[in-house]
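Engineer: Sequence:
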Amino acid sequence: MSARGRGVRLSPDEQARLRARLPRTFAAFYDRFPRLLPVQCAAVEPLVSGKSALITAPTAGGKTEAAMAPLLQRVLDAAGRDLEGPALLYVSPTRALVNDVYRRLTVPVERLGLTLARRTGEYRPTASALPHVLVTTPESFDSMVARMPKRLLPVRCLLLDELHALDGGPRGDQLAAVCERLRKIRASAGGELQVAILSATVERPEDVAARYAPDCVVVRDPGTRKMAANVALVPFTVPPTQKLAELVDGTGGKILVFCNARADVEWAAGQLKGKLPFGSRVWAHHGSLSQRVREQAEKEFQHARTAVCFATSTLELGIDIGDVDHAVLYGVPPDVPTLLQRVGRAGRRSGSVRFLAIARDRGEILRFRHLMQAARAGRLLTDPAHYDPSTVLQQAMSLLLQNPSRAIAPAHVLDRLPAWQAEWWTEDRLEAALEHASDWFHRIAKGHFTPTEQLERTLEIGTMHGNIGGEAEVEVLEELTGRSLGTIADRASDDAVLLGGRTHEVRQASDGSLRASLDRDSVGEARFTRKPAPPIPRALAQDVMQWIGLDPVGIHRVEGEDETWFLLGLGTVAGTLLHASAGARVVKRPGRGVAFGLRFKSGHADWPGQIVEPERLRLVARDISSRLTRQLGFGPWFRFLPVAERHRAVLAALETEVISRRLQVAQVHEVHDEEVRKKVRSLMAQ
Numbered sequence: 302m303s304a305r306g307r308g309v310r311l312s313p314d315e316q317a318r319l320r321a322r323l324p325r326t327f328a329a330f331y332d333r334f335p336r337l338l339p340v341q342c343a344a345v346e347p348l349v350s351g352k353s354a355l356i357t358a359p360t361a362g363g364k365t366e367a368a369m370a371p372l373l374q375r376v377l378d379a380a381g382r383d384l385e386g387p388a389l390l391y392v393s394p395t396r397a398l399v400n401d402v403y404r405r406l407t408v409p410v411e412r413l414g415l416t417l418a419r420r421t422g423e424y425r426p427t428a429s430a431l432p433h434v435l436v437t438t439p440e441s442f443d444s445m446v447a448r449m450p451k452r453l454l455p456v457r458c459l460l461l462d463e464l465h466a467l468d469g470g471p472r473g474d475q476l477a478a479v480c481e482r483l484r485k486i487r488a489s490a491g492g493e494l495q496v497a498i499l500s501a502t503v504e505r506p507e508d509v510a511a512r513y514a515p516d517c518v519v520v521r522d523p524g525t526r527k528m529a530a531n532v533a534l535v536p537f538t539v540p541p542t543q544k545l546a547e548l549v550d551g552t553g554g555k556i557l558v559f560c561n562a563r564a565d566v567e568w569a570a571g572q573l574k575g576k577l578p579f580g581s582r583v584w585a586h587h588g589s590l591s592q593r594v595r596e597q598a599e600k601e602f603q604h605a606r607t608a609v610c611f612a613t614s615t616l617e618l619g620i621d622i623g624d625v626d627h628a629v630l631y632g633v634p635p636d637v638p639t640l641l642q643r644v645g646r647a648g649r650r651s652g653s654v655r656f657l658a659i660a661r662d663r664g665e666i667l668r669f670r671h672l673m674q675a676a677r678a679g680r681l682l683t684d685p686a687h688y689d690p691s692t693v694l695q696q697a698m699s700l701l702l703q704n705p706s707r708a709i710a711p712a713h714v715l716d717r718l719p720a721w722q723a724e725w726w727t728e729d730r731l732e733a734a735l736e737h738a739s740d741w742f743h744r745i746a747k748g749h750f751t752p753t754e755q756l757e758r759t760l761e762i763g764t765m766h767g768n769i770g771g772e773a774e775v776e777v778l779e780e781l782t783g784r785s786l787g788t789i790a791d792r793a794s795d796d797a798v799l800l801g802g803r804t805h806e807v808r809q810a811s812d813g814s815l816r817a818s819l820d821r822d823s824v825g826e827a828r829f830t831r832k833p834a835p836p837i838p839r840a841l842a843q844d845v846m847q848w849i850g851l852d853p854v855g856i857h858r859v860e861g862e863d864e865t866w867f868l869l870g871l872g873t874v875a876g877t878l879l880h881a882s883a884g885a886r887v888v889k890r891p892g893r894g895v896a897f898g899l900r901f902k903s904g905h906a907d908w909p910g911q912i913v914e915p916e917r918l919r920l921v922a923r924d925i926s927s928r929l930t931r932q933l934g935f936g937p938w939f940r941f942l943p944v945a946e947r948h949r950a951v952l953a954a955l956e957t958e959v960i961s962r963r964l965q966v967a968q969v970h971e972v973h974d975e976e977v978r979k980k981v982r983s984l985m986a987q
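For the sequence shown, the residue numbers in this note's numbering are 302 to 987.
Think of the hints as simulated: they come from the structure by calculation, not from any bench.
A hint or two may mislead.
With a straight-line Cα cutoff of 20 Å, these simulated SDA-like cross-link-like pairs (lysine to any residue) come out [stated by the list, open to error]:
#1 352 with 327
#2 451 with 507
#3 889 with 848
#4 979 with 848
#5 485 with 504
#6 544 with 521
#7 600 with 613
#8 451 with 352
#9 485 with 327
#10 451 with 484
What follows is a list of derived Cβ distance ranges for each label pair [claimed, not checked]:
#11 965 with 745: 33 to 39 Å
#12 422 with 607: 32 to 38 Å
#13 762 with 427: 20 to 26 Å
#14 740 with 916: 32 to 38 Å
#15 448 with 352: 29 to 35 Å
#16 916 with 448: 44 to 50 Å
No residue lacks a Cβ here, since even glycine has one placed at the ideal position from N, Cα and C.
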């Protein structure tokens, strides 16, 4: 049964009641559907009543209509014929999603007699007056609040789309701050701001909602989709050609394959292209490909019949690529929400989730089975979000632009942050942070800062509106057309490089640019700047321990002749800290196993309790701060904070005191059960 199939077929009385609550918007948004989804019914009353709400539902769960119908009904009720734009701001995480939302909203919004436009780096509203409904990105939202705050006075409703993709990272922290600034702009004219948040299912939804809107109610989709998976073992060096061909044998169909790394996308796409049954209908999709190449892949894949598209997280969100018959996970995702988001892209017509999980070794088979068991039980096993304090520097820059005097004070900045962010700082510490970032802020007196010349140039071009970390990659241009294909790690030329699933011969032109032409005779390699793999959460690592039969709060010793393994279940980031604290006693490259424990290089080793002493952990965290910063996902402005503030943020995110207390009192247990020992070896393998 499809998502719509599991919807609610309303009785005549119920439909009349909902139509009465949505007299102007029900037909525009719901007349084309035979039934409403439960979350769409549940969202009407709080949103029409003016409350802020977080709406959680799986992919393709009808969240957009659930929010837009009651929000626009309330806008039309309040404004009558004197509706000034923008009345509703719709914020989506990416430009691609903005374009997709714009396309899907055009018909219902125009049916209501309202205007709709999008605002990104590529698109600007063409009319002199802003539209009634404006779809934009978080970065463009920040730009509007800074550059034209008075034009946002009419905004009554703010819709935050796919928030799970932003929350818990620097872009989410920035978005929360910009929401607070818009709320204050509205309050300056005596108005209020209603916020609707759309998200996939999240843990601690009340906490998520509170970061973006006060007094937010939570509307949950009670429905679930049945999940079934086939787990196949395909070693790392073997392309998954046969397994993918078996999925469409005799029936055809579209396959969406999610990979954890861009290099995996390129390698797998390059291996399959030209082979039966897919032929040339093989595409690659990831963040290092140019927007033009990605959009072309989306369009061609959408209209294909028997085809395969390999993608990273770039296709996890709701970009329209048509109905997908099969979802495939090539390699195990880092966590349960990622698994749910990826497999939810397929099977929408049937309402059930059936996917192929391709494991490259026995450890991945074990982790796939654990993830699926947790997903079926509705346990997401995520860690609490941590604050990125460097977003305050970006917000201070944005506030400088908003302030006509081009000056700010720490108190002024703190007053415009959400309370939970402002509580992190004191005025003195923030003043010291602004003074430390002397490339950007000029201290003219105690507590007063103006922009430096460098920041003035940055304000003019607008690059300070983002919290997206850039990579040191070089653009590659198509030889014949000069159009961008994407970016690679360095300028080395005369190489066969995989890009977009095809091998190109790359050469350096006389103007210094990299030019690429198709090379059908060579086998290229993907060449991208290496990024840390998404970390395995501590909550998930501890649950894996319990799932294989171990006490999740204990220390478990697996003794061998050449090595001794200690199972801790700390997750990737804290595991990295403990690995560094253990020093030369442990293997140099622990791989993914560091999320679950430590591998000591000698057999019959005892547990060295001194490696978890609080002061030692603090010192080690300072020594490997760059590595921990990357794993924790702090944003591009983090390096401009004072060392003490960076260290404070890392320790808070790691919860080193909690780790130390737990491990100092934990009992060390010997693992004798051979089945458990096998599972431990699989998890800890490099």
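Engineer: If a hint holds in the structure, say so; if it doesn't, say that too.
Structural biologist: For each hint, the structure was consulted:
A distance of roughly 19 Å separates the Cα atoms of residue 352 and residue 327; the hinted pair therefore holds under the 20 Å criterion. At roughly 31 Å between alpha-carbon atoms, residue 451 and residue 507 are farther apart than 20 Å, so this suggested pair is violated. Taken as a hint, the residue 889 and residue 848 pair is broken in the structure, with Cα atoms around 28 Å apart against an allowance of 20 Å. Only pairs whose Cα atoms come within 20 Å are accepted, and residue 979 paired with residue 848 is accepted, the gap being roughly 14 Å.
The straight-line distance between the Cα atoms of residue 485 and residue 504 is roughly 29 Å, outside the 20 Å bound, and the hint therefore fails. With a C-alpha separation of about 37 Å, the suggested pairing of residue 544 with residue 521 is violated against the 20 Å cut-off. A threshold of 20 Å between alpha carbons decides the hint, and for residue 600 with residue 613 the separation of about 17 Å falls inside it, so the pair holds. With a CA separation close to 24 Å, the supplied pair residue 451 and residue 352 exceeds the 20 Å bound.
Using a Cα cut-off of 20 Å, the hinted pair residue 485 and residue 327 is violated, with the two alpha carbons roughly 32 Å apart. Simply put, residue 451 and residue 484 have alpha-carbon atoms about 12 Å apart, close enough for the 20 Å limit, and the pair holds. Hint check: residue 965 to residue 745, Cβ distance near 49 Å, so the stated range 33 to 39 Å is violated. Between residue 422 and residue 607 the beta carbon distance is about 36 Å. The supplied range of 32 to 38 Å therefore holds.
Checking the proposed 20 to 26 Å range against residue 762 and residue 427 shows it holds: the Cβ atoms sit about 22 Å from each other. Distance hint check for residue 740 and residue 916: the Cβ-Cβ separation is about 33 Å, which falls inside the suggested range of 32 to 38 Å. Checked against the hint of 29 to 35 Å, the C-beta distance between residue 448 and residue 352 comes to roughly 30 Å, which is consistent with it. Taking 44 to 50 Å as the suggested C-beta distance range, the pair residue 916 and residue 448 conforms, at roughly 47 Å.
Checked against the numbered hints above, the structure violates hints 2, 3, 5, 6, 8, 9 and 11; every other hint is satisfied.
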